[in-house]
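**Q** Residue numbers (our numbering), protein chains in the order written: chain P, 557 to 1060; chain A, 557 to 1060.
Hints may contain errors.
Where chains are identical, the list cannot tell them apart; a pair therefore holds if satisfied intra-copy or between any two copies.
[Unchecked claim] Simulated crosslink set (DSSO-like; lysine-lysine; CA at most 27 Å straight-line):
1. LYS939 with LYS1013
2. LYS996 with LYS672
3. LYS922 with LYS1023
4. LYS1052 with LYS922
5. LYS761 with LYS817
6. LYS801 with LYS779
Simulated from the structure, these hints should not be mistaken for laboratory data. As the structure is a computational prediction, the values presented were derived from the model and not from experiment.
Residue strings, one per chain:
Protein chains: 2
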Amino acid sequence: MDYLFLLAYLCIMSAGLHIYNTLSRKKELFVPLNPPFVGLYVCGPTVYDEVHLGNMRQFTSFDVVYRYLSHLGFKVRYVRNITDVGHLTDDGDQGEDKIEKKARANQIEPMEIVQKYTNGFHHIAKLFNLIEPNIEPTATGHIIEQIEMVKRILANGYAYEVNGSVYFDVKRYMQDHKYGELSGRKIDEQLEQTREELEGGSEKKYFADFGIWKAAAPETIMKWPSPWGEGVPGWHLECSVMSTKYLGQEFDIHGGGMDLKFPHHECEIAQSVGADGKAPVRYWMHGNMLTVNGEKMSKSKGNSFLPMELFSGSHPMLSKGFSPMVVRFFMLQTHYSSTLDFSNEALEASEKGFQRLMNAYTNVWKLSASADGNPVLLSEIQKYSQACEEHMNDDFNTPKTIASLFELAAIVNKVSNGLEKIHEEALTVLQQTMKTYIEKVLGLQPEANQDSQTLDKAMDLIIEIRKQARQNKDWATSDQIRDELAAAGIQIKDTKDGTSWSLV
Amino acid sequence: MDYLFLLAYLCIMSAGLHIYNTLSRKKELFVPLNPPFVGLYVCGPTVYDEVHLGNMRQFTSFDVVYRYLSHLGFKVRYVRNITDVGHLTDDGDQGEDKIEKKARANQIEPMEIVQKYTNGFHHIAKLFNLIEPNIEPTATGHIIEQIEMVKRILANGYAYEVNGSVYFDVKRYMQDHKYGELSGRKIDEQLEQTREELEGGSEKKYFADFGIWKAAAPETIMKWPSPWGEGVPGWHLECSVMSTKYLGQEFDIHGGGMDLKFPHHECEIAQSVGADGKAPVRYWMHGNMLTVNGEKMSKSKGNSFLPMELFSGSHPMLSKGFSPMVVRFFMLQTHYSSTLDFSNEALEASEKGFQRLMNAYTNVWKLSASADGNPVLLSEIQKYSQACEEHMNDDFNTPKTIASLFELAAIVNKVSNGLEKIHEEALTVLQQTMKTYIEKVLGLQPEANQDSQTLDKAMDLIIEIRKQARQNKDWATSDQIRDELAAAGIQIKDTKDGTSWSLV
């Protein structure tokens, strides 16, 4: 009975959602470990600077994953971490902690850097309409758990201590387990030789070993006592600890940018297996990178812009600013696993598309149903509604979903322009489908300030009435308008080009 | 030379700011330990539920302290913590962790409770226009530091271990140091007898002892390994650890609500002295409590309301909603150290006062200077400007500062109504004083959405013109208005009581 119930449940709930699993390199039917619960972990930002646009793309992609899973009825626990210690400048074992470096440059406490850029990230996330994760754990908030995990890895023989640092022993691990399965990397013997010569002075036994606990220099500010002396956890360790602490030793989905596949995520698997004997993740998902006019985004090329530069249009490569919702729409017009190319032209085109879609979405609520509506419309609307679901079920294919929404927008426009009549049921399906996919699943919102737009239109009307009154020499009305606008804090100015207004 | 420079600096910088120090029970000249730096620590919320209005009052009071210190030129490091573990239901050593209890009731992970109410608190803080602290540390983020402090207290002989819990030994501490200096409480021998009888089964040696590390029950979710077994830090410990970690072993100002004076802050002093031999705080500041219609606010009396109920007016004791800025203004009309009584009438009066002040503040930027301005005005304005500073220097006396701002508002109104003329210099001083104290120091902002208010007024005008058109049987104009409003997404409805409008 229970088994049948579960089976039925799975059929309904998963509704044929397929996810491209980086680990198996194919699209798989999504079957959660403990339905209706789903555990979703996404690597969050290292808060040492303004959040990158590339990061925001990943968070937006996984925001849609979270939204769609919730829409399907799953009870998702969404964990996205904040890296506030341990991420070194070379993204590996060398260099300085990114946050501490920034703090030193600014002569302030590292945690002030953390606070500033965490706040900044939250602000941008809100502008992009990202749903807040259920838990947003920090690396500094889980030092004890990280020390405990290092102890377990050491106890299992998969790590060794040198001068107060602890390294993961990749060669020893490979005797018992596979290493490199996720990224498909093979340990290259030749490279190995080269690297071993290069790193003659290294504490590592083997070039592919990685630090899971690093001894701290005396001048280091962020450090904690441990069985191996004062130090900091290795960067890869925090995600292993925090994902399994809050989602269980084995959980459903782990997401992140493609650049994290190796070494970050590969090391996460090795750490979990090394500590607890279990691969932690069922479905690994990786989002692709950004380019700008076909080139890799990079600070040195001057083609890297921050979200705020994009919104304000203050970057020299942009002709104007683009609103957060336009940028969100633009991002979702490309599949999360494809490269996304930013260019001024592409953004301008997206802006027009977004406005077209949102106009139709505004208008769909103003349509009236007719008793003599075209009966064909219902099946047409149902076809595109079905298509939205199929596209989302196909590894969250947002560009195709958006294309189907444009088909629905075309129907709205036809009815709106009187070219078609729609009956009650069809109108209801049309409205609900657009609401579900535009607002709930894709997370797109009508733009900015409706009051401000309506005020623009109300003022156009008032200015027109005043013009007519003046043409009719109805000075009483024209004076009344001028006086009451002044009282309302609105100043009007008559120029050669017409009448303009402004708030005083 | 250095000494003279420092002396001069102090004279300029501290500018005669006096703070009522709970420890000395008198107003003292504020002399920072390391000018121009000032360390300010404020006890933040325990995030197990929606933030209380009483909490928000404390945070608003200390927001003004932070703003005024910054205005004086100090470089303030403002630390306000988030309590996410260790705060028990009885605010002492008994009961369950408040967050874990809530998590159990909701069948979710404690950190999901933490995340939800931290986000909620940040949202309300933004509405109240609180400046974000420089560091917002969490108790769970500092478990190691807390364990280290327990170790130091134990090593100094001021604590003892029983069954995996560690208690602060108040009797032993009193042999070497004073206990109760901050709160003025004396250990009552009789009470002691009573309590010792009452707590026969207690692990404590002495009734006044308090837990600094508590052994965790097997079913406890939030717990960490320690030298004394798995457990959680005592509630008072986190503030001792986080304040001194980020502000130094001795720092300038520690603030919090009066209810925290004992035992929370008294224990903080004992812990710091017990661990490191040093009293941590130069100036202790305590904000007073809220009452409602003269009675203590409490859930059981049904007279307790949440910030959101106050904004929306959804509580039965309120006739209407009051905006966050009105509530902020209302709070600042009472000195932080006095009881603040909420009542519908008092809030309505504050709302009128706030609008009067903000209207004057809007108008002050519209005034024109005249060459023949009244020369007396400048000295009058300077007098009130000086008064604002003197009041703020007198232990942050915001009600008196607001009274002086109303005197300046009266001058604005006189000039605005043509009863006085003002010359350039006087106008500049008037504008700058109002900007400094209204916006920068008191943190009051012009209300909400100006567009929305202006739209209201523009619509009043349009509806009036339409009414006149209909009275004049000018159907062309009245139809034009209806059609263009519909196109702008505005629906108008004619009823017996007049014409109303709404956005579609």
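**Q** Each hint should be assessed against the structure and marked as holding or not.
**A** To see whether the hints hold, each was checked on the structure:
Taking the shortest alpha-carbon separations for LYS939 and LYS1013, neither the intra-copy value of 37 Å nor the inter-copy value of 46 Å comes in at or below 27 Å. Taking identical chains as interchangeable, the C-alpha atoms of LYS996 and LYS672 lie at most 27 Å apart only when they sit on different chains, with a minimum of 20 Å there against 30 Å within one chain. Proximity of LYS922 to LYS1023 under the C-alpha cut-off of 27 Å is restricted to the inter-copy arrangement: shortest distance 26 Å between copies versus 30 Å within a copy. Proximity of LYS1052 to LYS922 under the C-alpha cut-off of 27 Å is restricted to the inter-copy arrangement: shortest distance 26 Å between copies versus 37 Å within a copy.
Proximity of LYS761 to LYS817 under the C-alpha cut-off of 27 Å is restricted to the intra-copy arrangement: shortest distance 23 Å within a copy versus 56 Å between copies. Proximity of LYS801 and LYS779 under a CA criterion of 27 Å is satisfied in both settings, with 22 Å inside one chain copy and 12 Å between copies.
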